[in-house]
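K.L.:
Below are the chains, spelled out letter by letter.
2 protein chains.
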Amino acid sequence: MNWYLQNGKESDVVISSRIRLARNLKNTNFVNNSKKEGLEKILKNIENITENIGYNLKFIRLKDIDDLTKMCLIEKHIISPDFALNNIDVGAILINEDENICIMINEEDHIRIQVFSSGLDLEHLLDLINEIDLAMSSFVPYAFSEKYGYLTACPTNVGTGLRASVMVHLPGLTQSGNVNKVLEIVNNFGMNIRGIYGEGTDTKGDLYQISNKQSIGIHEKEIINNMKVIVEKIIEQERTARKMLAKNSINLEDKVYRAYGILLNCRKISSEECEKLLSYVKLGTDLGIIKELNDLKVKKLELYTKPANLQRYTNKILDGFDRDIQRAEVIKNIINN
Amino acid sequence: MNWYLQNGKESDVVISSRIRLARNLKNTNFVNNSKKEGLEKILKNIENITENIGYNLKFIRLKDIDDLTKMCLIEKHIISPDFALNNIDVGAILINEDENICIMINEEDHIRIQVFSSGLDLEHLLDLINEIDLAMSSFVPYAFSEKYGYLTACPTNVGTGLRASVMVHLPGLTQSGNVNKVLEIVNNFGMNIRGIYGEGTDTKGDLYQISNKQSIGIHEKEIINNMKVIVEKIIEQERTARKMLAKNSINLEDKVYRAYGILLNCRKISSEECEKLLSYVKLGTDLGIIKELNDLKVKKLELYTKPANLQRYTNKILDGFDRDIQRAEVIKNIINN
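Line by line, the protein sequences give chains A and B.
Residue numbers 83 to 419, in our numbering, belong to the letters of the first sequence in order.
Residue numbers 83 to 419, in our numbering, belong to the letters of the second sequence in order.
Hints are computed from structural coordinates only; laboratory data are not their basis.
Hints are not guaranteed to be accurate.
Which copy? The list can't say, so a pair holds if one copy fits it or any two copies do.
Unchecked claim - Cross-link-like lysine-lysine pairs, in silico, BS3-like; alpha carbons within 30 Å at most:
1. 263 with 295
2. 337 with 398
3. 382 with 126
4. 295 with 158
5. 373 with 350
6. 263 with 152
7. 118 with 303
Treat the numbers as computed from the prediction; the structure is a model and nothing was measured.
Generate coordinates for the entire structure from the input sequences, incorporating the hints supplied.
P.N.:
In structure tokens form, the structure reads like this:
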């Protein structure tokens with residue numbers, strides 16, 4: 083099953099974990115300094131070794147992916163919007179069936195290996211990505227400096243080239259008004275925190291993405307350990323905030339069940355309202371207040387109410403008006419089945 | 083069964099009909115001009131003849147009715163708030179089991195005979211009230227002038243002493259923005275229109291009360307016929323407005339089902355919000371959109387979510403905070419049973 087429809091560890095607070103490694107080819111211009119022919123050569127090169135890397139990866143050029151599928155991948159945070167929109171002619175991905183491995187070719191760097199998992203699972207992800215990295219490096223020589231480590235297009239990634247990120251759901255801290263305080267602390271511990279579609283985007287449905295700032299002068303294992311410690315602190319704080327909320331149980335029950343009642347009964351609903359209501363519904367399910375749902379259904383609701391994945395689910399191309407109507411239908415289907 | 087829990091004619095628009103006759107005793111000071119002893123004499127007089135009037139009427143003094151029961155009667159529009167609050171020592175009612183007959187003694191007039199029915203049923207009510215009036219008049223001589231008709235404490239009631247009123251539900255006209263135009267026309271036809279708790283009160287849940295202005299120089303039958311014609315016009319207009327609303331069916335369905343979803347899932351709800359949502363739910367049920375409910379359940383919901391009747395239904399004395407919680411419980415019970 084796809085990782086994003088599975089349940090993971092600490093999934094009441096942690097939605098998903100992700101690690102990516104930025105790598106570039108030795109003696110080759112960075113993507114932003116390359117002519118089209120050079121990038122095309124890289125694509126061919128990688129296409130040829132795809133089978134050798136293993137993991138049942140499939141090589142697909144961006145231009146061979148239809149727009150809806152691209153949007154679906156963006157909504158699942160498997161590829162970046164920038165990559166999908168701007169690198170169409172020169173970009174490609176290597177992806178497996180479960181979609182827990184996706185290597186972007188010719189994004190900001192020549193190679194960006196990414197691995198994903200549901201819940202908090204950074205150690206396993208690190209083992210997996212190191213394995214993949216080792217496999218790749220035996221077929222393509224990386225740009226590496228003894229002094230700096232792996233060389234990358236953007237200096238912030240030089241060194242390990244590693245960015246770990248964890249998506250967390252913080253409705254308790256948001257409602258208690260303490261979310262900014264916690265986020266500030268996270269920031270002081272060398273972590274970035276931002277909206278769920280990456281830098282500069284808004285927070286939706288009380289979801290936040292935490293990632294490491296530093297990638298140089300520190301070992302991969304240390305980055306992951308630091309992140310784990312921070313995330314565990316956040317989990318603790320969020321759970322405490324939820325306990326406080328639950329003390330005024332009738333108010334909380336009322337809020338989460340009203341959200342559930344609207345989702346189950348509306349006949350049309352926008353993506354934005356849906357995200358807001360699902361945040362309450364997830365909170366209610368995680369706290370055992372909403373008995374009519376389980377975590378996996380909430381995962382499905384979260385995925386298949388997003389604009390592109392909704393169309394994939396219903397197998398229909400829909401404009402905004404019809405999406406709002408179909409979204410209400412899909413919610414009912416998922417809850418009742 | 084009590085009339086207010088039954089279904090009547092044209093009940094998609096007309097909630098209930100009511101007629102009252104104002105009568106005063108011959109050669110007796112009006113209530114506002116009487117000493118307590120005089121009013122006490124009237125009470126005794128009426129108490130003695132109660133059985134003779136028939137209809138299984140029971141004579142009950144206001145001071146023997148507990149506050150909750152009084153509030154329940156007010157919420158059902160069977161007695162006026164003024165009467166219940168200000169005439170405690172000298173007031174009484176004659177009421178039957180079904181509560182479709184209630185005669186107020188020593189309200190503004192010595193005798194106010196009232197009859198009620200669900201839906202639009204003015205002709206039957208006129209027959210019934212004339213029968214009761216005839217029975218009473220054979221035991222108590224009325225103040226009557228050949229020139230003016232029945233004499234009453236307030237000049238606006240002199241003549242027939244008759245006021246007919248009909249409570250209508252006008253969500254279609256309210257939403258189409260035409261309700262004021264229609265109400266103006268009603269006014270020009272010699273009818274009053276006002277909020278559901280009588281003069282000077284606000285409109286709640288799109289409910290309006292229509293009553294005749296004129297009671298002198300016109301025969302009772304004519305008053306009733308005029309009112310019937312006007313109400314039938316309003317019914318027509320309201321149904322047309324609803325058809326227009328239903329053309330944009332997804333919007334209407336969405337609104338009524340969201341209201342239904344909140345009512346069924348909330349864990350606390352105020353009286354005001356409940357009235358607003360029930361207005362949508364009644365509209366949805368009347369238009370056949372909401373299949374999960376029927377008219378009788380909507381009647382029950384409307385009655386037992388009112389503050390006093392809620393406490394009667396649950397058999398508990400509740401403060402405002404607990405009422406909001408119990409109201410949510412009662413709604414679930416009524417819908418699911």
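K.L.:
Against each hint, give a clear statement of whether it holds in the structure.
P.N.:
Hint-by-hint comparison with the structure:
1. With identical chains, the CA atoms of residue 263 and residue 295 are at most 30 Å apart within one copy only, with a shortest distance of 19 Å there and 65 Å across copies.
2. When the C-alpha separation of residue 337 and residue 398 is checked against a cutoff of 30 Å, the pair qualifies only between copies, where the shortest distance is 25 Å, while the shortest distance within a copy is 33 Å.
3. In this homomeric assembly, residue 382 and residue 126 never come within 30 Å of each other (Cα to Cα): the closest approach is 36 Å inside a single copy and 73 Å across copies.
4. Within a single copy, residue 295 and residue 158 get their C-alpha atoms as close as 23 Å, which meets the 30 Å cut-off; across copies the closest is 67 Å, which misses it.
5. For the identical chains of this complex, residue 373 and residue 350 are neighbours both inside a copy (24 Å) and across copies (18 Å), given an alpha-carbon limit of 30 Å.
6. In the homo-oligomer, the alpha carbons of residue 263 and residue 152 never lie at most 30 Å apart, since the shortest distance is 36 Å inside one protomer and 54 Å across protomers.
7. In this assembly of identical chains, residue 118 and residue 303 lie within 30 Å of each other by CA distance neither inside one copy nor across copies; the values are 37 Å within and 93 Å between.
The structure is inconsistent with the numbered hints 3, 6, 7, although it conforms to all the rest.
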